[in-house]
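Once you've looked at the hints, go ahead and assemble the two chains, each given alone in its own frame, into the complex.
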Amino acid sequence: MTLNNIQLDNNGRLKHFLTTEGLSKNLLLDILNHAESFVSVGNRAVKKVPLLRGTTIVNLFFEPSTRTRTTFELAAKRLSADVLNINIAQSSASKGESLQDTLQTLEAMHCDMFVVRHGSSGAAHFIAKNVSPGTRIINAGDGNHAHPTQAMIDMFTIRRHKPDFSSLKIAIVGDILHSRVARSEIHALTTLGVNEVRVIAPRTLLPAQVETLGVHVFHDLGKGLEDVDVIIMLRLQRERMRSALLPSELEYFYSYGLTEEKLRFAKDDAIVMHPGPINRGVEIDTQIADGKRSVILQQVSHGIAIRMAVMAMCMGSLAELSEEQS
Amino acid sequence: MSTEKHNIDQILVDMQDRLCAFLDESDITEPLLIGIHTGGLWVAEHIRQTLGINSPLGELNIAFYRDDFSRIGIHPHVTPSSLPFDIEDRHILLIDDVLHTGRTIRAAMNEIFDYGRPASISLAVLIDRSGRELPIHANVIGKRLELKATEHVKLLGPEPLALEFK
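Taken in sequence, the protein lines are chains W and G. Under the working numbering, think of the first position of the first sequence as 31, with each following residue one higher. Under the working numbering, think of the first position of the second sequence as -8, with each following residue one higher.
It is worth saying that the hints were derived from the structure and are not from the lab. All residues carry an ideal CB built from backbone N, CA and C; glycine is no exception. Incorrect hints may appear among the rest.
What the hints assert, rightly or not - Short, incomplete list of chain W residues facing chain G, as computed with Cβ under 8 Å: (1) Glu66; (2) Ser70; (3) Val76; (4) Lys78; (5) Leu81.
Looking at chain G on its own, in the form it has when it is part of the complex (with noise of 0.2 Å):
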């Protein structure tokens, strides 16, 4: 387990530059950011305060929408999803921590539609990492990883952030 092996701040930095160069490609002005519980919303929160975007942040837990209720049952402590706004025809960002199996982001896509129909849906991620089991793709990423199937990264936080290996 190691927690230094990465700059967590020049991740931050690189992926919002990335970010930022997305948007302005894409032609997405005003963008509705929404942070996957609990590592994507800090994420997310960060990426708001750099970027001063002012409309509020949407939470997203996927815990009813996750496809292994059927081998874990419920989760234990699911704080419910908040998205305090109108998704209809909006361009959404969605946020996560660490991107591996796609699992989460399939999950979170299903959920965000039964709110509404979004314009777009972009993905931004801190860490890609190996390991996608159905063919989704980040558009921005902080920092990209070849993990083995046995080895995981977590990020911590909210203050301070940090990556944490096992």
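Okay, chain W solo, but in the shape it has when bound (with noise of 0.2 Å):
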């Protein structure tokens, strides 16, 4: 329970963002509201709007990230705040500074908000436990726990698609065990009432009793496939080949890789997804990854959007707490 409500203030509202778990239905659909509201800021000849003007946001990174980066960095160039992009691979960390060390180091820049990636789970919760009550954090991926605004991107993405989730039938594909961004998936789809939540993958690359998310398990890909709307396919992460989780890249694509073929089993308008970034030939065929069911790209351009979205919001609830200490 203390890990959800970190992330609201007395009234609900959405201070920090750590994880789509434990969030209401409401909020979820908040998010989506706003982030419709923002996409029409990025068709305009001055693509920023003044909210956050006057206010810093820190991208604090301890993993590399290209897409996720830049994304959040342009989310809050376009609200019109000061963005710092702090790369702790080559800052003080190496020099062996404590994450709290560098924490009270940047508030004392008074920083309004924090946007942290980790390698650690819970890293993102740690940091909003320590800051001061003015500051906010946004989880930009921790460990193997959560990526909750890749999450909100990908079901913008589905609901511009298909716009009523309680009919959807929607199969996650690949290595659940190593994917923050299939746990934050599958805690937001089964709270915004999706009719089925699906998992499909070798059981090496499955958490323990993932059943209990809510979620039904599948080994065959062209079973798990039968029928449905959407098609969530996730990084094979090359790294753990090497920890004999899986016997061959080949073998795998083989199995579990998306092709035309396997394809056909779900319905004739399914859409295909990927959080990126794609290996090719592994996790999915490249005329797929292309064709015209992938909305691969799509993605990549909601993700300001919504990040704007859930920045503006984290931002905008800073406004009771002025008024609590006046």
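Right, dumping it as structure tokens:
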């Protein structure tokens, strides 16, 4: 419970965005609706609104990332915030400074929001618990735990193609075990009330007791894809191959790679998603990734609007804090 | 609270007459109409129909440009702004229901300039009430009202349009 409550202020508004777990359906829909309003900003001559003028947002990345960091940066800039990118691999952390010390140093510079990516599960929660009350935290991926903004991007993309969540069958395919995106998606999808969430993976790439999250488990790709509306492919984390969880990439592609032939099991109008980066020829055939059913590049564009929505909502909840203090 | 005190149809007719006169004087032949969410949109749509203007209506939701974000946070249900035309070098007719402090109009003008550089912006309002906090005035006014700071007037609609006083 403590993990979830820390995300909300006394009025139930979003304060930190750490995980999709435990948030209400209405709050998730609020994020999607706000994002919808921010999409139009990107189509104008001046792609900026003055909402967060005077606010400083720090992208605190302990793990390398290109698309997540750049879309967070673009989102912050389109809200007129000042953005600071801190790549920890090149900073004091490599000199032995603790996470707590790094944070205190940055807080002393009066930053208003930290967007945090960290290799350890729970890092964003730890930071949210330890920052001063006026500082907001957004989780941009922590270990195997959560990647809530990516999950909301995918919810947004699904809703744009298939507006009624309650009728949908959705399959998540691949390395569920190591995927923070998959976990955040499962929580979001079940909260939004989709008809059925399936996970399709070899036994070695599924977390223990994954069924308790409210999903149906399949080990056969063809069977799992039968009649689904949305297919979410996950990146096979090649570095895991060394830990002998899989025989070979080729064999994985044969059993779990999405090809034209496998896609036929899904509904005729099913869409194919992938949070990126893609391993072509490992989890997905190049023709599918670039094909007409693929919405992968739309996911990237939606990333900016979703991140604008979440940043604006978290910063907006500060309004109440200043009233309480006055 | 009362809704009976003013004849809304008469105010709309007066506003339209003055608007036509203003456009004539200013030599504006094809203005682009932009209504401010939500009351301004109703008035703008009414004007568009009675004046027989063919070009689509622009909708402005100034929530992202308000100056009170740091006081009240993000507005709960923001319908996106939509200007379905190119405003570059065009004459804009900005329409709102009630002109009060002038802050909404300032925010609206800021937003319009993020879409391009119009030739001009004119302001037409149904009600011009006292209480201005910025140096902004309307070019066309349906009715002027002197109200105390504690008194409020609001347009109800869209069908039928009515004024509510509190």
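Chain G contact restraint on valine 76 (chain W) - CB to CB distance below 8 Å: This interface hint holds because 4 Å falls under the 8 Å limit.
Hint check: 8 Å Cβ-Cβ cutoff, serine 70 (chain W) to chain G: It holds, given that the least Cβ distance between serine 70 (chain W) and chain G is near 4 Å, below 8 Å.
Quick check on the hint: glutamate 66 (chain W) CB to chain G CB, less than 8 Å? Hint on glutamate 66 (chain W): holds, closest Cβ of chain G at ~7 Å, below 8 Å.
Regarding the hint that lysine 78 (chain W) lies at the interface with chain G, is the smallest CB-CB distance below 8 Å? Result: holds, 7 Å to nearest chain G Cβ.
With a cut-off of 8 Å on the beta carbons, see whether leucine 81 (chain W) makes it to chain G. Holds. Min distance 5 Å.
Hint compliance for this structure: every hint is met.
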